[in-house]
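For the record, the sequence lines run as chains A and B.
As numbered in numbering that gives the first Met the number 0, residues 0 to 143 make up the first sequence, in order.
As numbered in numbering that gives the first Met the number 0, residues 0 to 143 make up the second sequence, in order.
No lab work stands behind these hints: they were computed from the structure.
Possibly wrong hints are sitting among the right ones.
25 Å max Cα-Cα, derived DSS-like pairs, lysine-lysine [as the list claims (entries may be wrong)]:
1. A:K95 / B:K104
2. B:K31 / A:K67
3. A:K141 / B:K104
4. A:K15 / B:K67
5. A:K141 / A:K104
6. A:K15 / A:K118
7. B:K135 / B:K15
8. A:K67 / B:K141
9. B:K7 / B:K31
10. A:K95 / A:K118
11. A:K67 / B:K135
12. A:K7 / A:K31
13. B:K95 / A:K104
14. B:K135 / B:K118
15. B:K67 / A:K135
16. B:K67 / B:K118
17. B:K7 / B:K104
18. A:K104 / B:K118
19. B:K104 / A:K118
20. A:K123 / A:K31
21. A:K67 / B:K104
22. A:K104 / B:K141
Going by beta-carbon spacing under 8 Å, a handful of chain B positions derived as facing chain A [stated by the list, open to error]:
23. T46
24. M54
25. A61
26. G65
27. G66
28. A91
29. A114
30. F138
31. V139
Examples of chain A residues toward chain B, derived with CB under 7 Å [to be verified]:
32. C30
33. V48
34. T49
35. M54
36. A61
37. V82
38. M83
39. Y110
Since the model is a prediction, treat every value here as computed from it, not as a measurement.
Beta carbons are placed, not taken as given, at the ideal position from N, Cα and C, and that holds for glycine.
2 protein chains.
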Amino acid sequence: MEDTHYMKLALAEAHKAAERGEVPVGAVIVCKDRIIARAHNLTETLTDVTAHAEMQAITAAASTLGGKYLNECTLYVTVEPCVMCAGAIAWAQMGKLVFGAEDEKRGYQRYASQALHPKTTVVKGVLAEECAVLMKDFFVAKRR
Amino acid sequence: MEDTHYMKLALAEAHKAAERGEVPVGAVIVCKDRIIARAHNLTETLTDVTAHAEMQAITAAASTLGGKYLNECTLYVTVEPCVMCAGAIAWAQMGKLVFGAEDEKRGYQRYASQALHPKTTVVKGVLAEECAVLMKDFFVAKRR
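If we strip away everything but chain A, and leave its shape as in the complex, we get (with noise of 0.2 Å):
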């Protein structure tokens, strides 16, 4: 219920990904029943590949926190992480991961399975659906 209700908010936040033209991915970070930050993708508004909705999320909580390590935390995102995140979210040795839809094509299950820090646990598949179809929305109307 809880994973539900913080993806719900990471979805909105791909909702605003989208209606600026961004690949629509969205992330909350929430630590002790706190969101510490939101963000969403970002990539061609900022022209930067490294502006993921996942990294600005880390950056921020960080930012917050006043500390790197968010292993009290949790990252909620709409889409599997592709291996740049995974590999930020390793060193930010977070607590938990909970993403909606696979991305069987750049996510980082594919490529770097072990790359995430060994004490986070992972959750897969939360709102699933929906976050698939806003992506698959967008790449359909985007070919148009």
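Dock chain B against chain A, hints included.
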């Protein structure tokens, strides 16, 4: 010769990191014989696990060029990139990656050997000894 020249500049960046008490990794991005970004690791200073030398250099280079893709650029970095940075190098479609010392513990080759873009040329071991000694000295001094 050219690779050694630019790696020396990356090493100068790494020394700046060491002086700040940061893990001594430096990076330089070159596009058509012009240096378009220099950066060193700032994870402690910025309280941000994503502030690796390569990540900052990629963001800066894209900003200078006004485009996300760095396929005509070469990234020089003193130490083998981690999984996060390898992912960013892939997204940027970096033309060439030149690194100094290998990083057996955290380097991308161990966790995500296929993470880079297939078109990225990789050159390893340029000034490897100097790059490795700087890292070793830093960690020895830290343990004292």
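Cross-check of the supplied hints:
At roughly 23 Å between alpha-carbon atoms, K95 of chain A and K104 of chain B fall within 25 Å of each other, so this suggested pair holds. Distance hint between K31 of chain B and K67 of chain A is unfulfilled; the C-alpha atoms sit about 36 Å from each other, more than 25 Å. Proposed proximity of K141 of chain A and K104 of chain B is contradicted: the alpha carbons are some 41 Å apart, above 25 Å. For the proposed pair K15 of chain A and K67 of chain B, the alpha carbon gap of about 21 Å is at most 25 Å, so the pair holds.
Under the criterion of a C-alpha separation no larger than 25 Å, the hint pairing K141 of chain A with K104 of chain A is consistent with the structure, at around 18 Å. Of the pairs offered as hints, the one joining K15 of chain A and K118 of chain A is violated, with about 32 Å between alpha carbons and a cut-off of 25 Å exceeded. A distance of roughly 16 Å separates the Cα atoms of K135 of chain B and K15 of chain B; the hinted pair therefore holds under the 25 Å criterion. Between the alpha carbons of K67 of chain A and K141 of chain B the distance comes to roughly 19 Å, so the proposed pair stays at or under 25 Å and holds.
Distance check on the hinted pair: K7 of chain B and K31 of chain B sit about 18 Å apart at the alpha-carbon level, within 25 Å; holds. For the given pair, K95 of chain A sits about 8 Å from K118 of chain A by alpha-carbon distance, which is consistent with the 25 Å threshold. For the hint pairing K67 of chain A with K135 of chain B, the CA-to-CA distance comes to about 23 Å; that is within 25 Å, so the pair holds. Using a Cα cut-off of 25 Å, the hinted pair K7 of chain A and K31 of chain A holds, with the two alpha carbons roughly 18 Å apart.
Between K95 of chain B and K104 of chain A, the direct Cα distance comes to roughly 23 Å. Compliance with the 25 Å bound is thereby established for this hinted pair. Distance restraint check for K135 of chain B and K118 of chain B: the Cα-Cα separation of roughly 32 Å exceeds the 25 Å cut-off, and the hinted pair is therefore not satisfied. As the CA atoms of K67 of chain B and K135 of chain A are separated by approximately 23 Å, the hinted pair is consistent with the 25 Å bound. Of the supplied pair hints, the one linking K67 of chain B and K118 of chain B holds, its CA atoms being roughly 16 Å apart against a limit of 25 Å.
With a C-alpha separation of about 24 Å, the suggested pair K7 of chain B and K104 of chain B falls inside the 25 Å cut-off, and the hint holds. Taken as a hint, the K104 of chain A and K118 of chain B pair is honoured in the structure, with Cα atoms around 17 Å apart against an allowance of 25 Å. Restraint check: the Cα-Cα separation between K104 of chain B and K118 of chain A comes to about 17 Å, which is no more than 25 Å; the hinted pair holds. Between the alpha carbons of K123 of chain A and K31 of chain A the distance comes to roughly 21 Å, so the proposed pair stays at or under 25 Å and holds.
About 20 Å separates the Cα atoms of K67 of chain A and K104 of chain B, which keeps this hinted pair within 25 Å; it holds. Among the hinted pairs, K104 of chain A with K141 of chain B is inconsistent with the structure: their alpha-carbon atoms are about 41 Å apart, more than 25 Å. Taking 8 Å as the C-beta contact cut-off toward chain A, the hint placing T46 of chain B at the interface holds, the least distance being around 5 Å. For M54 of chain B, the suggested interface contact is upheld, since its CB lies about 6 Å from the closest CB of chain A, less than 8 Å.
Hint status for A61 of chain B: holds, given a least beta-carbon distance of 5 Å to chain A, under 8 Å. Hint status for G65 of chain B relative to chain A: holds, with the closest Cβ pair at about 7 Å, below 8 Å. A hinted interface residue such as G66 of chain B counts as satisfied when its beta carbon comes closer than 8 Å to some beta carbon of chain A; here the least separation is about 7 Å, so the hint holds. Of the supplied interface hints, the one on A91 of chain B holds, with its beta-carbon coming within about 5 Å of a beta-carbon of chain A, less than 8 Å.
Nearest Cβ of chain A to the Cβ of A114 of chain B: about 5 Å, under the 8 Å cut. The hint holds. For F138 of chain B, the shortest C-beta to C-beta distance to chain A is roughly 17 Å, which exceeds 8 Å, and the interface hint is violated. A distance limit of 8 Å between C-beta atoms decides the matter here; for V139 of chain B the minimum to chain A is near 22 Å, and the interface restraint is violated. Restraint check, C30 of chain A versus chain B: the minimum CB separation of about 15 Å is more than 7 Å; hint violated.
Contact between V48 of chain A and chain B, as hinted, is supported at the beta carbon level, the nearest pair being about 4 Å apart and thus within 7 Å. For T49 of chain A, the shortest C-beta to C-beta distance to chain B is roughly 5 Å, which falls under 7 Å, so the interface hint holds. The beta carbon of M54 of chain A is positioned within 7 Å of a beta carbon in chain B (closest approach about 6 Å), and the interface hint is therefore held. Look at A61 of chain A: its Cβ gets to within about 5 Å of chain B, closer than 7 Å, so that hint holds up.
About 4 Å separates the beta-carbon of V82 of chain A from the nearest beta-carbon of chain B, less than 7 Å, and the hint is met. Residue-level restraint check for M83 of chain A holds (minimum Cβ-Cβ distance to chain B is 3 Å; threshold 7 Å). Given hint, Y110 of chain A at the interface with chain B, holds; its Cβ is 5 Å from that chain's nearest Cβ, closer than 7 Å.
Consistency note: the structure conflicts with the earlier hints numbered 2, 3, 6, 14, 22, 30, 31, 32.
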